[in-house]
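Residue 1 is where the sequence shown starts when you use the numbering used here, and the numbers rise one by one after that.
Quick caveat, the hints were computed from the structure, so don't treat them as lab data.
Keep in mind it's a predicted model, so treat the numbers as computed, not measured.
Beta carbons are placed, not taken as given, at the ideal position from N, Cα and C, and that holds for glycine.
It cannot be assumed that every hint is accurate.
Have a look at the derived ranges for each label pair, beta carbon to beta carbon [to be verified]:
#, residue 1, residue 2, range
1, 58, 148, 32 to 40 Å
2, 56, 96, 28 to 36 Å
3, 97, 58, 32 to 40 Å
4, 99, 140, 30 to 38 Å
5, 96, 76, 18 to 26 Å
6, 82, 135, 13 to 21 Å
7, 98, 59, 33 to 41 Å
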Amino acid sequence: MHDLVRLAAVACAAITLATGAALAQTRGSDRTDGFRICNNSGQDAEVATAVDLGDEGGTPGTYLSKGWYQFDAGQCIVMWPGTLQHRYFLVYAQNKQAGREWKGDIPVCVSREPFDLRSAACAGDRYSRMFVRIDTGTSASWTYTLLP
1 MHDLVRLAAV ACAAITLATG AALAQTRGSD RTDGFRICNN SGQDAEVATA
51 VDLGDEGGTP GTYLSKGWYQ FDAGQCIVMW PGTLQHRYFL VYAQNKQAGR
101 EWKGDIPVCV SREPFDLRSA ACAGDRYSRM FVRIDTGTSA SWTYTLLP
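Make a model of the complete structure from these sequences and hints.
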C-alpha cells in the first residue's frame, strides 16, 4: 500500500511539472498581443517606430519616435505589448546596404544613432524620414509585415 501511495505522489508531481512547462511554453511562444512587426522581406532591416501624440489629445504633429531596432530576416518583435493604446502607429524601415526603404508619407524625425525623441520639428543631428501610417481601427492587436 505504501508503494502505491508513493507511485501516486510521483505521478501527480510529474503531471504538475509537465502541465506547468506546457503552459509556460504556450505563454512564451504564442505572445502576439500588442503591435507586432514581422520582417518577411528576406533581408535584415533597421526599424523606427512612432506615434502621433496629437491622436491622444496632445499637439498634432508631435511624435514620440524610437529607433533603431535591428530585425533579422524572418524575425517578429512585439513593439508595443498588451492591448493597443493607440489607433495609429507609424513605421519606417531600411536596409542601407541594399538601398531598400519601407516608407510612407508622414515625415517624422529620426537620428543616425539610436534615439528616443519627442518632437514636432527636426533640429541638430535629427533628420526626417517618411513613415507609413498604420490604422489599426478598433483592433486589440496588430501585425505589420515588411515584405520584399
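Hint check results:
Distance hint for residue 58 and residue 148: a CB-CB separation of about 36 Å, consistent with the stated range 32 to 40 Å. Distance hint check: the CB atoms of residue 56 and residue 96 are about 33 Å apart, consistent with the given range 28 to 36 Å. For the hinted restraint 32 to 40 Å between residue 97 and residue 58, the CB-CB distance of approximately 37 Å keeps it satisfied. In this structure the supplied range 30 to 38 Å holds for residue 99 paired with residue 140, their Cβ-Cβ distance being about 36 Å.
Taken as a hint, the range 18 to 26 Å holds for the pair residue 96 and residue 76, whose Cβ atoms sit roughly 22 Å apart. Here the CB-CB span from residue 82 to residue 135 is close to 19 Å, well matched to the stated 13 to 21 Å. Against the hinted window of 33 to 41 Å, the Cβ-Cβ separation of residue 98 and residue 59 comes to about 36 Å, which satisfies the hint.
In summary, this structure violates none of the numbered hints.
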